[in-house]
Every structure is written in structure tokens, then in C-alpha cells.
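J.: Between the sequences and the hints, there should be enough to build the whole structure, so can you do that?
In order, the protein sequence lines correspond to chains A and B. Just so we're aligned, residue -11 is where the first sequence starts under the numbering used here, counting upward by one. Just so we're aligned, residue 105 is where the second sequence starts under the numbering used here, counting upward by one.
All the pointers check out, no bait thrown in.
To spell it out: a stretch of chain A is covered by chain B in this simulated footprint if at least three of its residues, at any positions, have a beta carbon under 8 angstroms from a beta carbon of chain B; those stretches are:
{"#": "1", "stretch": "35 to 48"}
{"#": "2", "stretch": "52 to 58"}
{"#": "3", "stretch": "72 to 78"}
{"#": "4", "stretch": "85 to 97"}
Rather than coming from a laboratory, the hints here were simulated on the basis of the structure. Virtual Cβ for every residue (Gly too), placed ideally from N, Cα, C.
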Amino acid sequence: MSEHVVCGADELDDGDHLVVELEGREIGVFRVEGEFLAYTNWCAHQGGPVCEGSLAGTTEATLDPETGEYDLDWVKEDRVLRCPWHAWEFDALTGDCLHSDQYRLVEHEARVEDGDLVVSL
Amino acid sequence: MATETTNETQAEFADVEVVDCDVHVSYAENVQRQVAQRMDEPWAGYADPEETPARYRKPSPGLPKPLGGRKSFHVGRGLPHRQMVQEDLVEGLGVDYPILNVIGLVDTLFKTDRAIEEMRGINDVLVEEFLDHDDDYRGLLTLSLQDPVRTAEEIDRLGDEDQIVGGFVYYGTNYQKPAGDPSHDVIFQALEDNDLTPAFHTSNYIQKATHLRELENLFAWHSLALGWAVQEATVSLISQGVPEKFPDLDFVMMEGGVGWLPFLMGRMNREYGQWRQEVPYLEKSPEQYIRDRFYFSTQPVEEFDDPTHMKQVLDIIGTESLLFATDYPHYDFDDPSAIDRFLRQFPEDDRRQVLSGNAKEAFGLSV
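T.: Laid out in C-alpha cells, this is it:
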């Protein structure tokens, strides 16, 4: 296992992310709801540069028992990563793919040490 | 029809129960008259062949007559339809339980009041003139999508008839919203409340898909039209989350064939990945909804140059999703042996499921 200082932890605000090259591999680092996370910049769908996508929110549905219709709410703002190829959505806090449990982001350990964001490969 | 062939078919199915999910009560003039007699004025006169010429009763598909010698079972026979069903389908083709529907084209009518009134007349005729005369017959209520509230009332009016097992939408015509439109929820609720199953039957000659009508000939048009309407219904129902809203309903698609299903499952899965945020109420992949909640009638079964390819297609779809259907009395019907040559390549239990077992589950048949 190798460890890499990517940047100062205070250089990333909530909802920020950047892609760095570590040992020849592209790694995306994220700050989501106060947590630091790192994922391989590779989408399990067709190999797209998923970490270069945008972080935004997404919709969530609840069935209104009164009207029998779906209410759609915008949720998880700055937390849902959308791959620039084909728009697959991933929860950047968990790495889960939102439409299928067969896929997820490839995760790496990320931690803050002495004010630095450190990623382990 | 050739009695020699049908007798062979009957023998082939003598030891196996057959439910035919798509048997049409031909909307011949004698049936139209029976319907009109049960309608109130002013609409009865519009529907009565003795008062109104054919060209004013319904929009015409403009088909060449007599279809170049393509002869449907009922043409020129002059028999009561019940007697034809008995002779041709039950005694001839070995069908044990015909599920009847009426293609009355109510959603090709631009007067909603007349469509609703004719829908009611058609359903009374179905019950009184057909189902009440034979315990082995089952029927699907004709449903108009033009006024969902009044159609829901119609389902409640006749839903407790023993031999009524579902609702029948002749789908894809001008005066219909997409199948899954939320305005139709009252219809699905009424069906669920009455333990009835919705069946969407393809429309063909009179469709809102005007680009198909621009195709130059019937070969081209008919190649696409049958599958188009039921694909649209399937996509619309899933995209609106109808299977999630009505967890006790299954959905039947009729006369669209089945060969396109592998495509649609894979296609919708892909679009789901790309557009999930538009349909966040879906709990699983579109393919899983199709496999778990939808049934497809087999007619018109596709015909590949290499017949072994059809077995491969059915392997992908899974026999548990298929319902046997003839489309009697139309000339482009399927003889039971047309699909059975493929079904015989599956285990016997699976074959019997397609010929009757799946239909019993889909329509809750108590036979």
C-alpha cells in the first residue's frame, strides 16, 4: 500500500472535488457532507471518467397516499456524482450506484493527517 | 377453414389444457345492432348499422377489400359468432377456455359521450350474448381511456360478473393518452379493486402513430404497427411507475408479438441508467418489471429464416412471461401448433404454463 498527500484538507470545501494522478492512476477526491472520499476515475458502466462529472443533487419519489400521485423532491444536493458519459448517478458519500446494486465506485481510503488529505492506494 | 388441419391440431392438444387469451368477438353488423339496442339516444342511432352507413359509424382504416383473398374465419359464414367460436376454436383448434374481447374501436371516436355509451353497450352484449351462454368462456371488459372516471364506474358496474377476468384497451388510437398517464389511475384502481387484469391490445390500422401510416404499403405498416403500440404501452406504464402504484396488478400486452422483448428490456435498462432521476419511483430495473409484472401474448409469433432462433428468443424472454393466443377469427391468427413447435423444446411443465397456466395466473382464472 502506498500513501499520497493530495492537497491541504482546507483546500476542499463541501461539494468540491478534483482529479489527481497518483502512480499513473487517475483518482478523484471529494469532500461530501464534511467527509473526505477517494474513488478511481473509472465508471463501471463503460469506463468513463466518472470523477470528472458534476456533483449535484437528484430526485427522490414518495407516493402521496392522499392523491395517489408521486411527489418528487430534490435531495442529496452536492452529493450525487453524475458520470459525464451516459449520466449514471453515484452517491459520492457511499460510492453506491443509484439505479443498480450491481455497480459502485472503486473506493480508496482517504483521511486527513496533519491538515493534509492523504489517499492510500 | 381446412378441417383436416384443425382436426390434427385438436388431436395434438387433446391431453393439454389450452387458454386462448385473444379471441375477438367480431364487431360485425349483427353485433353492432345488438350493441346499439342497448345504447341510449342520441348515440344509439350513430352506432346502429340499420340507421347509419358504415362510413359514418367509425373512421375507416381504408383497407383494400376483400384483403386480396385473405379470409378471416367469420367472413361469409352467416353464423352466430358463438357457434363459430365453438366450431372453429373449441372443437377445431382444441382451445378449452377462450377469453373473449370486442374490438369496438371506441377510442377512435371523437365524441367521448358516444364512446362511453358504446363501451357500455359492448360490455352488456359480451356478458348477455356470449358469456352467459357458455361457462367455459371468459371475457375482458372493453375500456375507453377517454373519460377515465366513467370507465372506472363501468368496471365497478360489471366487475363482479364471474366470467369477466380483465379489462381490454384497444391501444394506440387517436383519442388516448399514453397508457401510464396518471389520469388513468382511477381505472387501474377500479381494476385492482375488482381483481381484474388490464390488457392492452395493439391497434393497427387506426393508430395515432401517423408516421407509420405514411409507410407505403401494408407489408411495411403491419411490420411495425403491431409491436409499436404494445411497446409504447409497456414503456409508458413503467415510466409512470404504475406497477409500483398498483402492486396487485399484472399487465397483459396483446397482439404485439414477443420478438422485440429482449431489445426493449435491454434498451429500457440503458435509458434507466441515463435518466434515473426522472423516474426515481422505480425500485428495480425495467427488465425486472417486465419479467415480474408483465405478460405478453404470443401471436403473431415471429418467423425467422432459421426456426431455431425463435427458441433462443423465447429462452431470453422466459416462458413464464408468455400467454398463448390465437387472435381468432382474423386471417393472420396463430394456430396453436405455430407456437407449440417451439414450446415442445422446453420442459413439459413450461409448455403447459404458456398454453394455460400463465393465463390462469395472469387473469386469476378459476378453472
